[in-house]
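Colleague: What follows is the residue order along each chain.
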Amino acid sequence: MTKLIGRVAATEKIPTTIDEFYFWTDKEKILNPFDVIKAKHIQDSYTFGVVEEISHITDAPSYLASYISSDFGDVSYKANTQRVGLNFVKAKVIGNTKDIYTPVLDCSEVSLGNEKEVQKALGLDEVKNPLACGYIEMYEAKDKIRLPVFLNSDFLLGPEGAHLNISGISGLAAKTSYSMFLIKAVQQRYLQKDIPKNESVAFVLFNIKGRDLLAIDEQNADLSEKDKELYSNLKLNDQPFENVTYFYPYDKNDSINTYAKTKDVETQIDANKAFKYKYLYEQDKDCMELFFSNIDDPQETMSSIINLILNGEANFGDIRSWEDFVEEVKSYTEKNASGKDKSISVLSWRKFLRIIRKSLTNPIFAKRVVPTKNETRLREYITQKIKKNDVYVIDIAKLDEDMQAFVFGDVVNSIYEMKLGQVGDREPDEIPSKIVIFVDELNKYASGDVPKNSPILRKIIEITERGRSLGLILFSAEQFKSAIHDRVKGNCSTHAYGRTNAIEVSKNDYKYLPTVYKGMMTRLPQGEYIIQNPVLRSLLNIKFPNPVYKQFKNG
Amino acid sequence: MNEILRFIAESTSGTYYKSFRYSFESVEVPSVIYDDNRIIIMSPDKIGETDKTIRTSKSVEDLANKIMRGGKPLFRFFLDGTRSTYKVDDISYGERIYPIIAGQILVGCCKRTKPDIFKSSLLETQIVLVLPDCADKDGHKALFFNSLKDKINNLNVLKKRGVSFQKVLSYPDIKLKEGEKYENKGIAKIQDEMVEAEKRMVVQLVKEKKLNYQSYLIKDGSIEYKKIGSDDYRDLSAIKSNYRCVVGVSKTFNPELFQDKRHKTLAKRIAELPLFHRTQAFRYTHERAPGVEFCIWYLRIRSTERTVGLFDGVIKVEKILVSDEEQEKGLDSDEIDLISANLVNERNPTCYGLDNRWANHLYPVYLTEKYIKSNYISEVQFLNLF
Chain A
1 MTKLIGRVAA TEKIPTTIDE FYFWTDKEKI LNPFDVIKAK HIQDSYTFGV VEEISHITDA
61 PSYLASYISS DFGDVSYKAN TQRVGLNFVK AKVIGNTKDI YTPVLDCSEV SLGNEKEVQK
121 ALGLDEVKNP LACGYIEMYE AKDKIRLPVF LNSDFLLGPE GAHLNISGIS GLAAKTSYSM
181 FLIKAVQQRY LQKDIPKNES VAFVLFNIKG RDLLAIDEQN ADLSEKDKEL YSNLKLNDQP
241 FENVTYFYPY DKNDSINTYA KTKDVETQID ANKAFKYKYL YEQDKDCMEL FFSNIDDPQE
301 TMSSIINLIL NGEANFGDIR SWEDFVEEVK SYTEKNASGK DKSISVLSWR KFLRIIRKSL
361 TNPIFAKRVV PTKNETRLRE YITQKIKKND VYVIDIAKLD EDMQAFVFGD VVNSIYEMKL
421 GQVGDREPDE IPSKIVIFVD ELNKYASGDV PKNSPILRKI IEITERGRSL GLILFSAEQF
481 KSAIHDRVKG NCSTHAYGRT NAIEVSKNDY KYLPTVYKGM MTRLPQGEYI IQNPVLRSLL
541 NIKFPNPVYK QFKNG
Chain B
1 MNEILRFIAE STSGTYYKSF RYSFESVEVP SVIYDDNRII IMSPDKIGET DKTIRTSKSV
61 EDLANKIMRG GKPLFRFFLD GTRSTYKVDD ISYGERIYPI IAGQILVGCC KRTKPDIFKS
121 SLLETQIVLV LPDCADKDGH KALFFNSLKD KINNLNVLKK RGVSFQKVLS YPDIKLKEGE
181 KYENKGIAKI QDEMVEAEKR MVVQLVKEKK LNYQSYLIKD GSIEYKKIGS DDYRDLSAIK
241 SNYRCVVGVS KTFNPELFQD KRHKTLAKRI AELPLFHRTQ AFRYTHERAP GVEFCIWYLR
301 IRSTERTVGL FDGVIKVEKI LVSDEEQEKG LDSDEIDLIS ANLVNERNPT CYGLDNRWAN
361 HLYPVYLTEK YIKSNYISEV QFLNLF
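These protein sequence lines are chains A and B, in that order.
The numbering of the first sequence is this note's numbering, which starts it at 1 and goes up by one.
The numbering of the second sequence is this note's numbering, which starts it at 1 and goes up by one.
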């Protein structure tokens with residue numbers, strides 16, 4: 001049944017247009033930004049609009065009139081008649097049932113839509129390759145409706161569009177939870193029977209804080225009945241992730257450098273679900289440039305040294321351990337280093353040593369791996385073993401920032417090269433057709449301030465620009481979207497905006513948003529997002545249920 | 001174009017001129033129009049209320065506060081009328097040229113049930129045309145003009161726009177005195193028609209039993225209607241009883257008309273009325289309304305410190321003396337106090353910044369006026385009908 005809530009008002013100063021219209025409602029009628037309303041239009045059609053702004057006006061031309069009407073400032077004064085007032089609402093046109101886009105006419109009836117109409121208006125009906133991405137709630141009290149939101153996965157995972165970027169301040173935005181919700185939806189989607197045989201997906205996730213992602217294959221015991229019902233409505237099960245493998249950084253004395261409880265990790269290792277990763281000089285020296293991701297190198301002296309080392313010039317070709325490597329580099333830093341190549345200055349070698357020495361003291365830079373103790377090289381394991389529906393969680397939470405960048409860069413490089421067929425001898429069919437990489441704190445690797453020659457930044461840009469065709473999908477998150485490199489965020493087809501602060505929304509990235517939406521972003525409740533996707537006719541304010549996997553309240 | 005005018009000219013055997021069309025309201029310089037024109041003599045034998053002891057003024061502030069604290073407002077209905085007049089052409093009959101006047105008449109009534117519920121209750125809209133008497137060459141009068149109206153309404157130009165005339169009126173074709181204009185005679189006809197519509201609306205409200213001692217009506221302006229007791233309505237006392245719960249409130253009045261028995265103006269007394277005080281009520285009759293006695297008093301609802309003019313914040317209140325007892329002893333002073341106190345309580349909100357007469361305006365009346373005026377067909381649209 002149509003519920004009439006107001007009428008369109010087209011005035012001389014504010015006419016209705018193809019893009020927007022205004023309507024008035026009772027001042028006590030509760031509407032919210034993002035609510036979908038419909039206005040009766042010509043030829044028995046309806047024009048749908050999304051509420052953008054709501055204002056309340058009275059006939060008082062100034063505050064002075066209001067003051068005078070309170071008996072010249074008597075704050076307790078109550079008049080027999082309330083000043084005539086109304087709410088007027090700005091709505092952005094998102095469609096018409098008969099594709100008529102002439103401006104809606106003055107005095108046209110405006111009413112709330114029903115579930116089907118709202119779905120149609122937002123382009124959420126008849127979605128191909130549906131992928132659950134949350135739900136929306138609309139209207140108040142008995143008019144309230146809740147709709148699951150399904151996106152066309154072709155526009156999130158390719159080939160039509162790819163990459164997701166999530167922004168929002170720590171804690172309040174629940175960025176990791178939302179990413180994991182989407183990954184859960186993707187995994188379940190690709191477990192369905194209607195997926196073509198040549199289509200498969202695997203996930204590589206980086207755990208960057210606490211124990212966030214270190215028990216994603218364990219059930220969330222606190223999942224409420226409401227959450228379960230929401231998962232059911234979204235056609236998702238409430239089971240934790242399947243096929244999960246964890247990778248922890250090796251620490252001295254066969255231990256691991258992680259926030260996870262040793263007992264938990266041991267259980268995972270016993271079940272052959274966890275590995276300790278190491279880097280060996282001979283196999284991993286190629287990654288050396290990753291130590292210099294955040295170092296400006298305008299003269300390219302660092303690059304020259306790396307080239308010299310990788311080419312095995314001088315004695316570098318004979319080295320087999322990181323310790324020997326450091327010693328060799330040291331010899332180049334001494335005054336009047338005899339018999340050394342003079343084309344690179346001693347000062348440059350000193351700088352090189354200063355940068356690598358701190359990182360190379362980390363126990364993950366080892367001499368060899370012991371497979372029987374579940375030790376592995378990340379690059380080797382990923383490129384050789386990743387298969388469809390696998391979820392690899394790489395724990396880098398306890399590593400320092402430079403080491404985090406190193407591991408991230410190495411994994412990304414490995415996957416990229418694997419997809420290009422440059423490493424390993426696996427049959428292309430064995431490699432998942434799509435690999436989703438999730439990383440939080442993207443600003444560490446792809447901010448606008450990162451040196452242009454940073455190998456990680458270059459790789460991330462390559463993934464966002466070329467990854468769609470290779471089947472490499474980046475799910476990234478950061479606190480402040482404005483800090484991210486333009487080419488990275490510009491290539492993401494889906495954007496999710498969580499709660500942020502007022503300074504952030506004043507940046508250029510948010511210029512296209514109506515003021516009300518910007519204001520909303522600064523007070524979004526935890527677990528709510530404003531999402532933008534090419535198939536959606538409008539931004540959506542979506543919610544999602546609590547995670548299905550085990551949560552650690554204290555990190 | 002000019003379909004209506006051509007038709008009128010053909011039907012009345014006149015010649016039309018396609019002269020400049022305009023709204024009288026838009027070309028005339030606004031001037032202060034008082035709602036009254038009757039001298040009120042203040043003398044002991046003219047006291048219009050039961051309490052004869054009030055000397056200069058009486059405060060109703062305590063009563064107003066008491067009502068504000070616990071009571072319900074007395075006024076629930078608010079009535080106003082407005083008209084807009086237009087010169088649409090000139091037409092000649094014989095050697096003389098007469099203006100054709102058209103007008104929109106709007107009379108409406110709003111109801112307040114709660115402070116935040118203010119809705120329209122009744123609305124009457126009329127479009128009228130005024131021609132000189134001589135347009136009816138055979139002297140059939142009403143019959144002729146009625147038939148002309150029907151024929152005009154059948155014209156395509158009106159049908160297409162969904163507009164119709166409710167009446168075709170006529171103004172007297174008499175020799176003009178110095179300063180007189182046919183235009184003013186036509187406008188007066190339209191004004192009379194509006195007054196009649198206002199009267200009809202009061203009757204309707206009474207018939208629908210909407211007015212009672214807990215539910216009074218404020219009529220904007222004077223209720224000193226012409227012909228209130230004429231033959232139009234058979235029983236004078238019945239007509240008067242329609243106005244038992246009707247109060248006329250005038251924003252503008254000529255203070256010079258308030259005089260003592262030696263015809264000395266008492267304007268100063270009105271100007272110096274203390275805040276929330278009323279004058280004694282006086283009675284008077286008008287030759288235009290024989291058999292009807294009015295009771296009037298002045299009331300200050302806003303302090304002079306807050307207003308510009310001396311008479312800003314003073315309203316003139318009128319009520320018809322209905323019963324024989326009222327006519328004999330005057331209106332019950334308690335009722336006058338009650339009406340006055342309730343009017344004091346209607347002083348806020350104000351239409352400050354929206355209407356220059358804000359100090360004298362009552363907001364519900366202002367809203368009613370805005371409501372009915374919002375129903376005007378726009379000037380451009382209206383003039384282009386012709």
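Just so you know, the hints here were simulated from the structure itself, not pulled from any lab data.
Among the clues, some could well be false.
[To be verified] Calculated lysine to aspartate or glutamate pairs in the DMTMM-like style (CA-CA distance at most 20 Å, straight line):
(1) Lys111/B <-> Glu427/A
(2) Lys141/B <-> Asp116/B
(3) Lys387/A <-> Glu441/A
(4) Lys114/B <-> Glu28/A
(5) Lys66/B <-> Asp71/A
(6) Lys119/B <-> Asp26/A
(7) Lys78/A <-> Asp116/B
Colleague: Confirm or reject each hint.
Modeller: Comparing the hints with the structure gives:
1. A threshold of 20 Å between alpha carbons decides the hint, and for Lys111/B with Glu427/A the separation of about 83 Å lies outside it, so the pair is violated.
2. For the suggested pair Lys141/B and Asp116/B, the alpha carbons sit about 49 Å apart, so the restraint of at most 20 Å is broken.
3. For the hint linking Lys387/A to Glu441/A, the alpha-carbon distance of about 26 Å lies beyond 20 Å, and the restraint is violated.
4. Restraint check: the Cα-Cα separation between Lys114/B and Glu28/A comes to about 15 Å, which is no more than 20 Å; the hinted pair holds.
5. Restraint check: the Cα-Cα separation between Lys66/B and Asp71/A comes to about 17 Å, which is no more than 20 Å; the hinted pair holds.
6. Restraint check for Lys119/B and Asp26/A: the C-alpha separation of about 13 Å stays at or below 20 Å, so the hint holds.
7. For the suggested pair Lys78/A and Asp116/B, the alpha carbons sit about 12 Å apart, so the restraint of at most 20 Å is met.
Violated hints, listed in ascending order, are 1, 2, 3; each of the other numbered hints is respected by the structure.
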